[in-house]
Amino acid sequence: MEPIRVHEGRVYPLNRSNIDTDQIIPKQFLKRISRQGFGQFLFFNWRFDNEGNPRPDFSLNDPKYQHASILVAGENFGCGSSREHAPWALLDYGFKVIIAPSFADIFNNNCTKNGILPVQLTEEETQLLMDRADNENDYTLKVDLENKRVYDSIDFEASFDLPEYPREMLLNGWDEIGVTLTYADKIDQFEAKKQTL
Amino acid sequence: MQKPKTIIEKIWDQHVVHQEEGKPDLLYIDLHLVHEVTSPQAFEGLRMNDRKVRRPDLTYATMDHNVPTIHRHIIKDQISKTQMDTLKSNCEEFGVPLADIDHPDQGIVHVIGPELGLTQPGKTIVCGDSHTSTHGAFGALAFGIGTSEVEHVLATQTIWQAPPKTLNVKVNGKLGKGITAKDLILAIIGKYGVRFGTGYVVEYTGEAIRSLSMEGRMTVCNMSIEAGARAGLISPDDITVEFLRGRRHVPKGEVFEKVAKEWKALATDAGATYDATVEINADEVEPQVTWGTNPGMCIPVSGSVPNPEDAKTANGKDEINRALEYMGLEAGQPISSVKIDHVFIGSCTNSRLSDLTRAAEIVKGHKVKSGIRAMVVPGSHSVKKAAEAEGLDQIFKEAGFEWREAGCSMCLGMNDDIVPAGERCASTSNRNFEGRQGAGARTHLVSPEMAAAAAIEGHFVDVRKFSIPTA
Ligand code: SF4
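Sequence lines, in order, name chains A and B.
Its first residue numbered 8, the first sequence is counted upward by one per residue in the numbering used here.
Its first residue numbered 24, the second sequence is counted upward by one per residue in the numbering used here.
Do not take every clue at face value.
Claimed, not checked - Below are the SDA-like pairs computed for lysine to any residue, each with C-alpha atoms no more than 25 Å apart in a straight line:
#	chain 1	residue 1	chain 2	residue 2
1	B	K214	A	D195
2	B	K99	A	R39
3	B	K75	A	R39
4	B	K75	A	E82
5	B	K188	B	G201
6	B	K214	B	P331
It is worth saying that the hints were derived from the structure and are not from the lab.
The structure presented is a predicted model; accordingly, all values stated were derived computationally and were not measured.
Construct the entire structure; sequences and hints are all you get.
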């Protein structure tokens, strides 16, 4: 996966809580057998009407948010299914960073394994960012993973926390299996010990 | 004396392969269950990197999510077919055992694991599916993983995991007559919300849990993820041991007795502490019905749909408004007045033999209300066979239910079984998210008994009072 150190991009605010994986990518699009091409189905039922035309009242269709790469949303983002198609769809659409007051566990994991940075800020901070993205034209944020800070060009600045392990994976874009295989002898030993029990 | 430990800590400690400051633990996985939807990209990843499946003998695959539950071999949707064919060829290539669509062991992955005795106390179990928590009913540490992790487990039989925080969900007292495990878990999520388990592994304890059957325990653990918890488990006891005795993948004879002792020793020690505890009184629990678009939006069948004005926050108000609009409900409307169009009895939450037996008891001698489409989808091929041996299929069919082949079916509507937009379904599954059963579909989660009664009456009724003269 692609490493992420500092990312700067346009912000798209989606002011809803408990956005679940069925909304991020509806199940009718889970049938592909590759990782690519899911972006067109992102938030499908919200973005398109029954005839497949973009719904003008759904904010992601607003030209103002075109090419946004930072998604700011309400709490418990990504709840529901373990489908990795959700981060694949977000990434394929162009989102590199997701900011929310909280994330569902499996989704959070799936993000960091695909090069998406989940940033947890407080409720007040995310609300402020959503309001600014709403009111400003071309509102952008800078997310610095090395120093775990987020700031805009007005006066916003906040720090966030991310455990060391996923942070390193993201910073370096590592292949996790490759890393684990360097512990192969430990796994062998564990299995050998289990055998004799 | 050793410090008292929870079952969660005991299982964890037994599976740590490697531990190092600043990193999660490297945890060994005893059983990896695989299905057609979340595995193709994982196998593809192995192929691209020229890697093997480390332990095909600890891996078991089946097809459940998009198999047709009627006319098994007419798969209208070519992409679904591709996904099933891909699983088959992947399993052949990598030597993974597979219960495919024609196999007598085929079924929903969380139904067949326990059925075959693959699921056992003390095991670490993963699957690319969030309802893997179901297997926790046996005192296993079981959790859902994403496709990257599926690939990781296939290649290494391990996973990197930070030690979880532990949460005791204590159910005091006994469930009332006619109250099911489904009502209990919905009531817990209704009381504490869809996030209280995030970051935790849950252990369900207390008198009401101990008196549940294994099927009931599976229903409870199944929905742990709906409270945000990746895993939920129950300490093993005699009920666990007796359920597993004689199953195919469980040791036999004397070895079984020895293993059974070890299983029971895994139970949480007296005096062990948890990072957090929540409690609920079982005798307060009534039959539950969800009214909204997440499983926490549920009320007793005697209750009314909430009013957005009663919400404590502006966000909460928006959420209720949006849910009411999506569900086509009025604030304050009694839930029992809500008319339904579909009934789905099935899913990994409620499709086991005892679920079907209890629903059949309600249905027996009655007819599905005209205009309602009702179906029963057994959780596995062997549940179906067993139900047919008891004549349950006849009871359902005579009442006007469709009787289907095993699969996930209308739980997520990946195959042809979908609820049309704007129509309403009483469903025994676990998710009432927007669009879950079909774009625009309106889902109400209930127990199998409640679903059966709703099919006959055409709206929600309290099953405890359900006694209409048989036709
Ligand atoms: S029955 Fe539903 S919840 Fe269970 S595994 Fe299948 S799709 Fe998932």
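Going through the hints against the structure:
1. For the proposed pair K214 of chain B and D195 of chain A, the alpha carbon gap of about 46 Å is over 25 Å, so the pair is violated.
2. For a cut-off of 25 Å, the pair hint linking K99 of chain B to R39 of chain A stands: about 16 Å separates their Cα positions.
3. Using a Cα cut-off of 25 Å, the hinted pair K75 of chain B and R39 of chain A holds, with the two alpha carbons roughly 22 Å apart.
4. A hinted pair counts as satisfied when its Cα atoms are at most 25 Å apart, and K75 of chain B with E82 of chain A does not qualify at roughly 39 Å.
5. For the given pair, K188 of chain B sits about 34 Å from G201 of chain B by alpha-carbon distance, which is inconsistent with the 25 Å threshold.
6. The hinted pair formed by K214 of chain B and P331 of chain B meets the criterion: a straight-line CA distance of about 17 Å does not exceed 25 Å.
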